[in-house]
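Protein chains: 2
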Amino acid sequence: MKLLEEMILNQGVILEGNVLKVDNFLNHQIDPGLMEKIGNEFYEYFKDKSVTKVLTVESSGIAPALMTAAKLQVPLVFIKKSKPSTMNDPLFCEVYSYTKQTTVTLCMERRFLNQEDRILFIDDFLANGQAFMGVEKMIKETKAQIVGVGMVIDKAFQKGHAYIVDQGYDLLSLAKISSFEDGVIEFD
Amino acid sequence: MKLLEEMILNQGVILEGNVLKVDNFLNHQIDPGLMEKIGNEFYEYFKDKSVTKVLTVESSGIAPALMTAAKLQVPLVFIKKSKPSTMNDPLFCEVYSYTKQTTVTLCMERRFLNQEDRILFIDDFLANGQAFMGVEKMIKETKAQIVGVGMVIDKAFQKGHAYIVDQGYDLLSLAKISSFEDGVIEFD
Numbered sequence: 001m002k003l004l005e006e007m008i009l010n011q012g013v014i015l016e017g018n019v020l021k022v023d024n025f026l027n028h029q030i031d032p033g034l035m036e037k038i039g040n041e042f043y044e045y046f047k048d049k050s051v052t053k054v055l056t057v058e059s060s061g062i063a064p065a066l067m068t069a070a071k072l073q074v075p076l077v078f079i080k081k082s083k084p085s086t087m088n089d090p091l092f093c094e095v096y097s098y099t100k101q102t103t104v105t106l107c108m109e110r111r112f113l114n115q116e117d118r119i120l121f122i123d124d125f126l127a128n129g130q131a132f133m134g135v136e137k138m139i140k141e142t143k144a145q146i147v148g149v150g151m152v153i154d155k156a157f158q159k160g161h162a163y164i165v166d167q168g169y170d171l172l173s174l175a176k177i178s179s180f181e182d183g184v185i186e187f188d
Numbered sequence: 189m190k191l192l193e194e195m196i197l198n199q200g201v202i203l204e205g206n207v208l209k210v211d212n213f214l215n216h217q218i219d220p221g222l223m224e225k226i227g228n229e230f231y232e233y234f235k236d237k238s239v240t241k242v243l244t245v246e247s248s249g250i251a252p253a254l255m256t257a258a259k260l261q262v263p264l265v266f267i268k269k270s271k272p273s274t275m276n277d278p279l280f281c282e283v284y285s286y287t288k289q290t291t292v293t294l295c296m297e298r299r300f301l302n303q304e305d306r307i308l309f310i311d312d313f314l315a316n317g318q319a320f321m322g323v324e325k326m327i328k329e330t331k332a333q334i335v336g337v338g339m340v341i342d343k344a345f346q347k348g349h350a351y352i353v354d355q356g357y358d359l360l361s362l363a364k365i366s367s368f369e370d371g372v373i374e375f376d
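These protein sequences, in sequence, are chains A and B.
Following my numbering, the numbering of the first sequence begins with 1 at its first residue and continues without gaps.
Following my numbering, the numbering of the second sequence begins with 189 at its first residue and continues without gaps.
Worth flagging that the hints you see were computed from the coordinates, not collected in a lab.
Any given hint might turn out to be false.
One side of the interface only, derived from the structure: several residues of chain B facing chain A at Cβ under 10 Å [said to hold, decoys possible]:
#, residue
1, M223
2, A251
3, A257
4, L260
5, Q303
6, Q355
7, L359
Chain B is faced by these chain A residues, among others (derived, beta-carbon under 8 Å) [unchecked claim]:
#, residue
8, I8
9, G12
10, K21
11, A70
12, S85
13, E109
14, G134
Owing to the predicted nature of the structure, the values given are computational and were not obtained by experimental measurement.
Ideal Cβ positions, reconstructed from N, Cα and C, are used throughout, including at glycine.
So here's chain A without its partners, still in its complex pose (with noise of 0.2 Å):
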């Protein structure tokens, strides 16, 4: 998506362990105009899919998702990064964050998912993937199926791309980057 790796040329920071700041747009203020872009992109390459649910872990990957929602039309599910005390029949999975260097516990409501469903994945980084390895192991409990994964920024020279694309998912990035060398940023 040419419009998203001019801004990150533009607009990104690279940090210390290969971590890309993408405030200006995405993580933390967020440009509208591109995320309905996004959603749409999103939407025009798995709209075939019969999708019935898409599924993100929060709050960077809610607006994306969202939008991919919208156009689908169909929910959208966050996977919060705690256990709210509202929670009656929780989902968890335990997950190392490298940007964090932290262990975070991933937790939804095992009732929002169900055999029947067919999930797109949406989210605004894949990196090392342990998110989405943890996402997996939670859906594969419930028994629904991933029909396709979506991610805005892929750092694909990390192992989270590999490992997506080795389990047979079907994988959409928007800006793939195959390398920070030098702090140059190159796309795929």
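Here the structure of chain A is known, so what remains is to put chain B in place on it, guided by the hints.
Leaving out everything else, chain B in the frame of chain A:
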């Protein structure tokens, strides 16, 4: 907003401590069609206020705030509930969450607001107004101006509603709950 009131009556669950659980369509699973209608309502009410930025607090505020920002064609900034390691010059505020019975640190990059900004603050719930007061304090530090406050669900019998009205802010609440007496939800 009739549709929202009906969804609250049909799907909302009242928990201990006047907590209203609406995780079927707002706080965990999100109904994107409802969010579009919510965005339209806020847009129609605030469109002549020359809003330059929509502000909300992660995570449940993001969906209604994004749809509002998309209609207004202005950026959305979501305030974080912890300090990410990648923030440069953050504004902080400690607020008490009655629902979670704990203190939460609100945090945002200072550079996203300046004295020219005209802020529309959108949130999913108004109860005791602690989050609003924290955000108000942070906004004051930047000398930006709050020109409107939009709440999806306003538990108007708690302290937040009176506080916002008393300060003279222009408040639109899409579902204004006057009481929860005997487990029956009454709207104003």
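Run through the hints listed earlier and report the numbers of any the structure violates, in increasing order. 5, 6, 7, 8, 9 and 14
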